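J.: Sequence:
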Amino acid sequence: MRRVRYEFKARNIKKRAVDIVVSVDGVKVVLQRRKKRQKYMDESKMLVMSHPMYRIYYVAHDLYDPQIFSYVARDGASNSFKCNVFKCVEKVNHYPEMDKLYEKMEIETLLPVVLVLWDGKCALMD
14 MRRVRYEFKA
24 RNIKKRAVDI
34 VVSVDGVKVV
44 LQRRKKRQKY
54 MDESKMLVMS
64 HPMYRIYYVA
74 HDLYDPQIFS
84 YVARDGASNS
94 FKCNVFKCVE
104 KVNHYPEMDK
114 LYEKMEIETL
124 LPVVLVLWDG
134 KCALMD
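Per my numbering, the sequence shown runs over residues 14 to 139.
Treat the hints as calculated values from the structure; they're not laboratory data.
There's no promise every hint is true.
Stated by the list, open to error - Think about it this way: if two alpha-carbon atoms lie no more than 25 Å apart in a straight line, the pair counts; the simulated DMTMM-like pairs of lysine to aspartate or glutamate are: (1) Lys100 with Glu20; (2) Lys28 with Asp88; (3) Lys22 with Asp78; (4) Lys22 with Asp75; (5) Lys95 with Asp32.
What the hints assert, rightly or not - Simulated DEER-style distance windows between Cβ atoms: (6) Ile26 with Asp88: 30 to 36 Å; (7) Arg87 with Arg46: 28 to 34 Å; (8) Arg46 with Leu76: 28 to 34 Å; (9) Ala73 with Val43: 28 to 34 Å; (10) Ala73 with Ser93: 17 to 23 Å.
Keep in mind the model is a prediction, meaning the values are calculated, not measured.
For glycine and all other residues, C-beta sits at the position ideal for the given N, C-alpha and C.
With the hints as constraints, model all of the structure from the sequences given.
T.: Put into structure tokens, the structure is as follows:
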């Protein structure tokens, strides 16, 4: 994750503000709408990437920077693994309430993905 961050800094690539939608179907990364300029945007233009749950391989957060997390997913077209790195506005927290919820539901595969939810915005560093 750190290598990706340093490559983006070296190339002077700006981060894009996105929202992450996590559901049972999968993870969708959508561009954030600009409130003043674009009131209505086409949904297909807003979708940055989408991964079903069975294609997500691993989820992790950076040990040194709690605002950064990533997940590795297999790409559908090329069938190769890609790492997607995100930086949150707020620190990513571990919610013990979610652990209790998933103990009841007994869904172990969704747990790592849902634990990266937060109440803020994030920036995509793909």
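J.: Each of the hints needs a verdict: does it hold here or not?
T.: For each hint, the structure was consulted:
no. : hint                         : verdict
1   : Lys100 with Glu20            : 15 Å, holds
2   : Lys28 with Asp88             : 21 Å, holds
3   : Lys22 with Asp78             : 16 Å, holds
4   : Lys22 with Asp75             : 17 Å, holds
5   : Lys95 with Asp32             : 19 Å, holds
6   : Ile26 with Asp88: 30 to 36 Å : 20 Å, violated
7   : Arg87 with Arg46: 28 to 34 Å : 29 Å, holds
8   : Arg46 with Leu76: 28 to 34 Å : 33 Å, holds
9   : Ala73 with Val43: 28 to 34 Å : 22 Å, violated
10  : Ala73 with Ser93: 17 to 23 Å : 19 Å, holds
Checked against the numbered hints given earlier, this structure breaks hints 6, 9; the rest are met.
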